[in-house]
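J.: So the chains spell out like this:
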Amino acid sequence: MKKRHSLAFLILAFVFAQIAWLGLLGLWIYWYVSNNIIIQQVGDKLSPQIQIDNPNVFIFIGGIILIVLIAVAVFFIFRNLTVQMKLNSLYDNFIANVTHELKSPLSAIQLYTETMFTKTVQHDKQKEFLGMMLKDVNRLKKLINSILEISRLEKKRIAHDFRIYEVDSVFRSILNDSIEQFRLNENFVQYECNGSGKCLLDKDAIQIVFDNLIDNTIKYSVNQPEIFLKISCNKKHYFVEYSDKGIGIAAREYKKIFHKFYRVSNKNTASVKGTGLGLYWVREILKFHKGKVTVFSEGSNKGSCFRIELPVYQEPIKIFSKAFLLHLIGIKQNTDNSDGE
Amino acid sequence: MENDFIVGKKILLVEDEESLGVGLVYNLTEEGYSVEWVKDGKQALDKFTSVNYDMIVLDLMLPYHDGFEIAEKVREKNPQMPILILTARTAAEDKVRGLELGADDYITKPFNLQELLLRIRGMIKRKLWYKTSTELMPVFKFGKNEIDFENLKGKCSSKRFSLTQREAMVIKYLIENKGKVVSRKDLLENVWHISSDIETRTVDIFISRLRKYFEPDPDDPVYIRSIRSAGYLFIDEMND
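Protein chains in written order, with the numbering used here: chain A, 1 to 341; chain B, 1 to 240.
Worth flagging that the hints you see were computed from the coordinates, not collected in a lab. Owing to the predicted nature of the structure, the values given are computational and were not obtained by experimental measurement. Every residue gets a Cβ at the ideal spot worked out from N, C-alpha and C, and that includes glycine. Worth double-checking, as some hints may not be accurate.
[Claimed, not checked] In silico DSS-like pairs for lysine-lysine, Cα to Cα no more than 30 Å straight-line: (1) B:42 <-> A:245; (2) A:219 <-> B:172; (3) B:39 <-> B:127; (4) B:39 <-> B:73; (5) A:103 <-> B:180; (6) A:119 <-> B:73; (7) B:159 <-> A:103; (8) B:42 <-> A:273; (9) B:39 <-> A:127; (10) A:219 <-> B:127; (11) A:125 <-> B:39.
[Claimed, not checked] So, partial list: chain A residues that the calculated Cβ filter (under 8 Å) puts toward chain B: (12) 114; (13) 138; (14) 298.
[What the hints assert, rightly or not] In silico contact screen, one side only, chain A against chain B (beta carbon under 10 Å); selected entries: (15) 94; (16) 103; (17) 104; (18) 105; (19) 111; (20) 115; (21) 118; (22) 119; (23) 123; (24) 128; (25) 132; (26) 136; (27) 232.
Whole structure, please, built from the sequences with the hints as guidance.
T.: So, in structure tokens, the structure goes:
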């Protein structure tokens, strides 16, 4: 309610500011014109010999320019304030979500600790509870890490480990790692790579990209999560299409879902967990790789397709040796053939 | 022996967090309750309509239907059902909204296990106590108001409304102590069965709800008066 009121107040202040400056402009013109006429009339009567050759147009034009500048400044301040208010509202949502994400595992840890402290719990149950606690500790660790990593990424304080890889093998490896991490059913994961080429990337960062996409697929799939990863290349770029059969994304949300703290509010969502940082993180990592990500969906419950575009690694011109060039730009060459070239 | 009255009492636990759900089911079952655990709003409403529970422990941030929606729907169908909201949302407006929609208690995560168990126990106990005590005073009239404690119905002039069990218990306690100043602490100890100094806001929310029902002008109450720094005083001049 408070926010709605402050927005109404802001709009009202803006409208008043516009009326005030228009009024001031009108008064200014009126004052100038009427003074000019008076001076001319009085001047003619008092001393017809005096010629007013150069009425001071500079003050008139200068005044108008200043008033228009004030109006433009007011407009920009208004625009920035509304953007700031939207950001504040998103930030509030983020705080609420992070609070939920922090407090839920913390509550579970406290619950199990108190249970085992106050009750005699059987050995197998104890083991089950300790497993749950460990899971929650990892969840907390992951959340805290993600917040810190994003902050570092934004401040460009991350030392990326860029290496050259074969496109096919690196994405196959990333996908396999995700399958293992999320315990996905391999029968519901398809992989296809058309074409070959080399890419320059930080494998750990790209792993985060796919972990986030898969995490979303799991959250937003009503049935068994299904994933299809398709890779294609041209001379300059390679394209990674990540599709799932989840609940889909409305067209109006295509851009918004990559905004920081933004979360789609959907009543048909099977899970409410999340911070609104995952896809923003995906976009920032890909930006760092000079790539981009877009999304489209065929409609509600028809899944989503994330299309990632990344530049193909171009071999340097062989005036110098490749190793020398790589050394020059500070890129380590991965010697493990299973992971990269 | 002391716990006999809770053995077999049915609790519907609505919690989407796997690890919390498992821990709560274990602890409540150990206490002697019969617990059914559901993980989303849809299942919660389905279960509530098909099974007769003794109380509901409800999370707020849930898939499909949030806890507020569930509390509202449960309250529409069963004004006597004790509802305890157990949530990570600590904002005062969430608490007010939850209690206004008819929840009887609101606990924030992370919570103390013993406190949670005591509150649940208190709610079940009060439900039983309420059932027997209303037999002594099924209906009470004051001014143009009438309260049917048995059916949790209220009447103010021609306006009819339903009361939650907790609302009825608060007004009942005030009526039983007619003419005496009842402190917030008294209400917490005797209606909520908790001794806490930090939960007085909850009492105020319930009092404001009761004033809306029974006072001709809730901002200038004649029946449920506030006594500065002391508490509340129920006055019924017509019946005195």
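J.: Would you mind marking each hint as holding or not holding in the structure?
T.: These are the hints, each one checked on the structure:
For the hint linking residue 42 of chain B to residue 245 of chain A, the alpha-carbon distance of about 22 Å falls within 30 Å, and the restraint holds. With a C-alpha separation of about 47 Å, the suggested pair residue 219 of chain A and residue 172 of chain B falls outside the 30 Å cut-off, and the hint is violated. For the suggested pair residue 39 of chain B and residue 127 of chain B, the alpha carbons sit about 26 Å apart, so the restraint of at most 30 Å is met. About 17 Å separates the Cα atoms of residue 39 of chain B and residue 73 of chain B, which keeps this hinted pair within 30 Å; it holds.
Using a Cα cut-off of 30 Å, the hinted pair residue 103 of chain A and residue 180 of chain B is violated, with the two alpha carbons roughly 42 Å apart. Taking the CA atoms of residue 119 of chain A and residue 73 of chain B, the gap is about 36 Å. The hint is violated against a cut of 30 Å. Restraint check for residue 159 of chain B and residue 103 of chain A: the C-alpha separation of about 43 Å exceeds 30 Å, so the hint is violated. Taken as a hint, the residue 42 of chain B and residue 273 of chain A pair is honoured in the structure, with Cα atoms around 17 Å apart against an allowance of 30 Å.
Our distance criterion of 30 Å between C-alpha atoms is met by residue 39 of chain B and residue 127 of chain A, whose separation comes to about 23 Å. Of the supplied pair hints, the one linking residue 219 of chain A and residue 127 of chain B is violated, its CA atoms being roughly 39 Å apart against a limit of 30 Å. For the hint linking residue 125 of chain A to residue 39 of chain B, the alpha-carbon distance of about 21 Å falls within 30 Å, and the restraint holds. Because the beta carbon of residue 114 of chain A sits about 4 Å from the nearest beta carbon in chain B, less than 8 Å, this interface hint is met.
Below 8 Å, beta-carbon pairs count as interface contacts, and residue 138 of chain A has none with chain B, the closest being about 11 Å; its hint is therefore violated. The criterion of a C-beta within 8 Å of any C-beta in chain B is not met by residue 298 of chain A, whose closest approach is roughly 23 Å, and the hint is violated. Here the hint on residue 94 of chain A is broken, as its CB sits about 14 Å from the closest CB of chain B, past 10 Å. Residue-level restraint check for residue 103 of chain A holds (minimum Cβ-Cβ distance to chain B is 4 Å; threshold 10 Å).
A cut of 10 Å between beta carbons decides the hint on residue 104 of chain A: the least distance to chain B is about 5 Å, and the hint holds. A distance limit of 10 Å between C-beta atoms decides the matter here; for residue 105 of chain A the minimum to chain B is near 7 Å, and the interface restraint holds. A least Cβ separation of about 4 Å between residue 111 of chain A and chain B falls short of the 10 Å threshold, and the interface hint therefore holds. The interface hint given for residue 115 of chain A is met, as the beta carbon of that residue sits about 6 Å from the closest beta carbon of chain B, less than 10 Å.
Given the 10 Å rule on beta carbons, the hint for residue 118 of chain A holds: about 7 Å separates it from the nearest Cβ of chain B. The beta carbon of residue 119 of chain A is positioned within 10 Å of a beta carbon in chain B (closest approach about 7 Å), and the interface hint is therefore held. Given the 10 Å rule on beta carbons, the hint for residue 123 of chain A is violated: about 14 Å separates it from the nearest Cβ of chain B. Interface restraint check for residue 128 of chain A: the shortest CB-CB distance to chain B comes to about 7 Å, inside 10 Å, so the restraint holds.
A least Cβ separation of about 4 Å between residue 132 of chain A and chain B falls short of the 10 Å threshold, and the interface hint therefore holds. With a least beta-carbon distance of about 5 Å to chain B, the hint placing residue 136 of chain A at the interface is held under the 10 Å criterion. Taking 10 Å as the C-beta contact cut-off toward chain B, the hint placing residue 232 of chain A at the interface is violated, the least distance being around 36 Å.
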